[in-house]
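Could you build all of it, start to finish, from the sequences and the hints given here?
Below, each chain spelled out in residue letters.
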Amino acid sequence: MLSLLLILLSALFFPGIIAKVKAKIGGRKMPSVFQPLFDVVRLFKKGAIYSPVTSFIFRIAPVVYFASVLVALLFIPLGGQKGILSFNGDFVFFAYLLAIGKFMLIISAMDTGSGFEGMGANREALYSMLVEPAFFILMGSLALFTGIVSFNNLYSVMHISTNLSYITGVAAIYVLMYIAMVENSRLPVDDPKTHLELTMVHEVMILDNSGFDLALMHIASGLKFAIYGTLISNFIIYTTWSIYVQIISFFLVQSLFAAVVGILESFRARNKMEKNPQWMLMLTAIAVVTFLTTLIITQKIFLN
Amino acid sequence: MDTIFFIAAIILTFAVFVVPKQFQYFWSLLLQVSIVIISSFWAIQSLFLSSDTLIRAFMPFMGSTLFIEIDKLSAFFILVVNFTVLTGIIYAKGYLRPYFITKNKAEMALHFFSFLWLQISMLLVLMFRDALAFLIAWELMALSSFFLVIFESEKKDTIKIGIQYLIQMHIGLVFIMSAFIWAYVQTGAAFSFDGLNIYFASHNPFGLFFLFFVGFGIKAGFIPLHSWLPHAHPAAPSHVSGVMSGVMIKMGIYGILRVLTYIHHDLFYIGLLILTISLISGVLGVILAIVQHDVKKLLAYHSIENIGIIGIGIGLGVIGLAVNIPAMTVLGFAGAILHILNHSLFKSLLFYTAGSVYQQTHTRNIELLGGLIKKMPKTALFFLLGALAICGLPPFNGFISEFLIYSGIFKSLQPGDLFTDVILLISFTGLAIIGGLAIFCFTKVFSIIFLGSPRSNKTEHATEVENTMITPNFLIGFMIIAVGFFPALFMGPLANVVGLFSNDAASIQQMIPVLNNISISSGIFIALIGVIWILRAWQQKKQTVKHDATWGCAYTGANPALHQYTATSFADNIVQLVNPVVNVKKEFNGFDEKEVFPEERAFKTHSSDTIEDNLIIKPTGKILAWLKEIAVFQTGKIQHYLLYALVFLIGIFLLTLLNWI
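Protein sequence lines correspond, in order, to chains C and W.
Counted from 1, the first sequence has number 50 at position 50 by the working numbering; the numbering is strictly sequential.
Start counting at 1 in the second sequence, then tack on 1000, and there's your number in the working numbering.
A few of these clues could be false.
What the hints assert, rightly or not - Result set (BS3-like, lysine-lysine): computed pairs, CA atoms no more than 27 Å apart in a straight line:
1. C:K275 to W:K1021
2. W:K1604 to C:K275
3. W:K1585 to C:K272
4. W:K1378 to C:K46
5. C:K272 to W:K1586
6. W:K1541 to C:K46
7. C:K275 to W:K1586
8. C:K193 to C:K24
9. C:K45 to W:K1375
10. C:K45 to W:K1542
Said to hold, decoys possible - Derived, one-sided and incomplete: chain W residues facing chain C with beta-carbon distance under 10 Å:
11. K1374
12. Q1414
13. G1435
14. G1436
15. I1524
16. Y1565
17. I1574
18. E1599
19. R1601
20. A1602
21. F1603
Because the hints were derived from the structure by calculation, they are not lab data.
All figures in this text were calculated on a predicted structure; none of them were measured in a lab.
Just so you know, even glycine gets a beta-carbon here, dropped at the ideal spot from N, CA and C.
Printed below as a string of structure tokens:
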């Protein structure tokens, strides 16, 4: 329960930190950390506009998407705190749950009958397909390393085993960070600040959403960042530390992750659209290397 | 006693030719239901109640008594067949209504007769152990499905497709028959499945298994043996496609599983063969599905993909036996067998709903459809249910079977050795890719058919289909949700079936707490959707909700029918990645520099199946060309033919003279 609260808390200011860092680097006046939160609150106070082309799907999709992210959140442990839901193979459920949210999001974009939104839907479908193997291979490596197939004990077992786990840990952090960027439609795959419909991915999918629905999407995006941030910080936070140290280091790691995202977005250009698949295959390749490294660590490959 | 009823029902099928046209349907329904009741009674008895194989004397055959034997494996398949066939016949009532006007009595009678016999032959395939009887039933299955495929014989291509189907089925039959004969000749034991036991006990099983695998694989539709599927399914009426894709192709899987029950050693390479072919089938099947515009062809390729997933489960199970990792064996087989049930559910649902769309719009080309969710809301929702289930998304049934396979894989990673781990790595990566591609494909097909604006006037007169065509969807939908939300209930019977392959089948029970957790998580998910939906309704009640046109970048002159994404454009970015497999060719004349006022342009794309091209079309084309060259001898002049006879006689004479023959 504590883990859930902490993750929710970190999700509140995550987008704010990114915005702040980007503003600082860009030489602009920094907005409040809570500005994205205020935006969401304002959206909740607004009505909505629906296209007559859209159907029931368009209305239910944001709800399903949001619910899927929220349930996915329940699986995430934090340091010594277990996730609320946990069973063997829960990361498979986690990945497929996020997928059903994405499925609904994609068809809701297609529901508007707009060429632009079709474009976004189509790209989102491709990118989420391409990034899926990387996640599974990564989790596979960890399962191979620890023999545990659930988020909960995976980390603790990893920390108490050999120091070689750092190698796997570093690679895992790298891959997870970029998976987070793809899942949240951030640079270098997608630029949330772009102003041209033709070059958008996620933004163009939600062009027609407004009011409550749009607010749900924004919150879900923040939550997703927090989820992946927590997955990353679990590699760093040792379950043996005292609970206060764990909490403090969790917030530190989350803020650092947000800052890194902000810095990356300030200095990096977006990939060319047609280079994106290659870039994502590279992520998968790194994940495969992680797997092979783990094979070496577990002494299934003998090096003479 | 029950056998007599069963035989009587089989004999009474012939009466469908004499009953008046308006009663044909009810007659077949009556017989179908009776057969379903009797055989399900047997199956339930065998699967749930007793631990022994159920044996009944069936009829005298070749001088001895032919028995029907129903063990757990047969029983499971019988139940799956019966359920799908039953939904099929209910659906057929509405679907065949227009055909009752255009087709005459004999044609309709033949159709119902074949449909009944498809069911009977599938049941007999599952019940017979005698090789000859099995082969006869297998042949009857091919014939009855052939007559079902060519139902719309007035269409130009249908007969051609039917013949192609029949030929491929017989190639499969030859392989199975040779395998049986080979085992029989080698051992001299009984000409039956049980005779294989003796062969496999004393020989290396790979060669014989390979023969069986090719024979059964053609029926199942493994790539590269799949080329009949994408043609036969679209040509057949939808209730037939549903049954063929839902259960008939599973008879191939049944055959493979049945043969596997007799093999107890040297399993590693057999498992590797199944796994490799299945991974190829899974990935290529879904990639080929993505580029299709014909919705039933698309679904046919998805059958190949799902056969691939089933095969991945079986392959891992067999490898697990070979390397002695029980979790891999049990969960691999359990996932595969559950996926057989699951695929029969969602695939028949998808075919029925696609058939309803076809009936209302008279086209299977999805590029001409759009916006149907407003006109056919129930059909649309059931299609969506099927789509979510086939993509393996929770909380529906497809997820459960894939989850079992994933669990088997991840649990085996640590105990496995290097080679096993690499196999596992490729397997779960393959599964993840298949899952992602399936989502890509079904978001495409669902949104192009049912969402957005209509893309042509084909959808103008579409209305929701009649209730008899919706009823089977409710039945199937119920099952999909039952498996998805309460998977633990199905583990008992599943363990019974898996017990045929592994001694550790009881360890499936260990999955029950996990599956209960999945049920809870799914429940939370649905409850959250409900809560947020209510919050949303409450919020919107206080606010103004307006309706206005879709955002078009401030351009209001767009034609809603044309200025939206099409199936081709949706598939385009994936086609760029996988073009060697799907062979998409674009036909477009570029603009000339001097062309000041461009003329009207046409843009065409078409795709083809590379494997079918290279394996079937090119070789047969070459043979045909060669045969045409030989045709120079066919001059049509009697003098030439006499000369050939003379040359032949002289040749024979010379050969005998030289003692060569």
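We went through each hint and held it up to the structure:
no., hint, result
1, C:K275 to W:K1021, "violated, 62 Å"
2, W:K1604 to C:K275, "holds, 26 Å"
3, W:K1585 to C:K272, "holds, 24 Å"
4, W:K1378 to C:K46, "violated, 32 Å"
5, C:K272 to W:K1586, "holds, 23 Å"
6, W:K1541 to C:K46, "holds, 11 Å"
7, C:K275 to W:K1586, "holds, 22 Å"
8, C:K193 to C:K24, "holds, 16 Å"
9, C:K45 to W:K1375, "violated, 33 Å"
10, C:K45 to W:K1542, "holds, 9 Å"
11, K1374, "holds, 6 Å"
12, Q1414, "holds, 4 Å"
13, G1435, "holds, 7 Å"
14, G1436, "holds, 3 Å"
15, I1524, "holds, 6 Å"
16, Y1565, "holds, 3 Å"
17, I1574, "holds, 6 Å"
18, E1599, "violated, 24 Å"
19, R1601, "violated, 19 Å"
20, A1602, "violated, 20 Å"
21, F1603, "violated, 16 Å"
Against the hints set out earlier in the document, violations occur for numbers 1, 4, 9, 18, 19, 20, 21.
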